[in-house]
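Visitor: Sequence:
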Amino acid sequence: MKYYLGLFCALFILPAVAKPVRLFTEEFFPYNYTEEHKVQGVNADLLRQACVKAQLDCTFQSLPWLRAYESALHTANSGLFSTARTSKREPQFQWVGPLASSTTYLYRLKSRPEVNPTDLEQAKAFGIAVTHGDIFEEYLQQQGYSLGKNLLLVTNKTDAIPLFLAGKIDLLIGSEQVIGSWMSTYGKTRADVEAVMDISFIGHNYLALNLKVSATTVRALQQAVDQLVRQGEMERLIRHYQKRTMPAQN
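Residue 32 in numbering that gives the first Met the number 0 sits at position 33 of the sequence shown; the count goes up by one each step and never skips.
The reader is advised that the hints may include incorrect statements.
Unchecked claim - Below, simulated SDA-like cross-link-like pairs (lysine to any residue); rule was C-alpha separation at most 20 Å, straight line:
hint: 1; residue 1: Lys242; residue 2: Ser174
hint: 2; residue 1: Lys52; residue 2: Arg229
hint: 3; residue 1: Lys187; residue 2: Ala165
hint: 4; residue 1: Lys167; residue 2: Asn155
Hints in this document: simulated from the structure, not taken from any laboratory.
Use the sequences and the hints to build the structure in full.
Guide: Take a look at the structure:
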């Protein structure tokens, strides 16, 4: 009887095992993308290491952006990356970061000098593709852009590339971190495009955690990310993925 009582007490005082954290993302090379059935990229790799340091069991799943966003918003022990932190989104999540991001531009084909806006008001005369539910759709609609007029919805960011190269949209949202690889995937080079406008002010990348994620988990992930950044791991990953080529799109 004493043996069973002792066993019961031992089981009773065992520490609770942290619930797995589900991290949702989208296809956005080089920050987060799927290759060989694994979610990888600068921010995916950084967060995978942060989970290990924080002693958390994290799973990674890539979905179309709006579905990923809704999943993180309504799934208790989950998060979403790479997510722009805005005043509208601020109260919807708990935030860890910043993660890796780079200067974002509107690009035109160098062969189309007539596509020449100098500000977002002038850019309304041209077509831009945006991912449904992302920060650029939200922000540009706030500035008076309209779906079907100067905004075209795509499922993933890279879906805009062939439309851009075919002249079906005039301006492509991208960054210096991705544009060269994006072009090479479709047989073009960085020299075929040129930046016409810096739109980096719209947002920077973070991990957005569901409001029901425990404060202990949020704090542990933030501390782990901070430590990795101090150790130079973010810069190492950025250099590593600069040498990689975006996987061919199906």
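Visitor: So, for every hint listed, does it hold in this structure?
Guide: Against the structure, the hints come out as follows:
Restraint check: the Cα-Cα separation between Lys242 and Ser174 comes to about 16 Å, which is no more than 20 Å; the hinted pair holds. Between Lys52 and Arg229 the CA atoms are separated by roughly 14 Å; this keeps the pair inside 20 Å, and the hint holds. Taking the CA atoms of Lys187 and Ala165, the gap is near 12 Å; set against the 20 Å cutoff, the hint holds. For the hint linking Lys167 to Asn155, the alpha-carbon distance of about 16 Å falls within 20 Å, and the restraint holds.
Of the numbered hints listed earlier, not one is contradicted by the structure.
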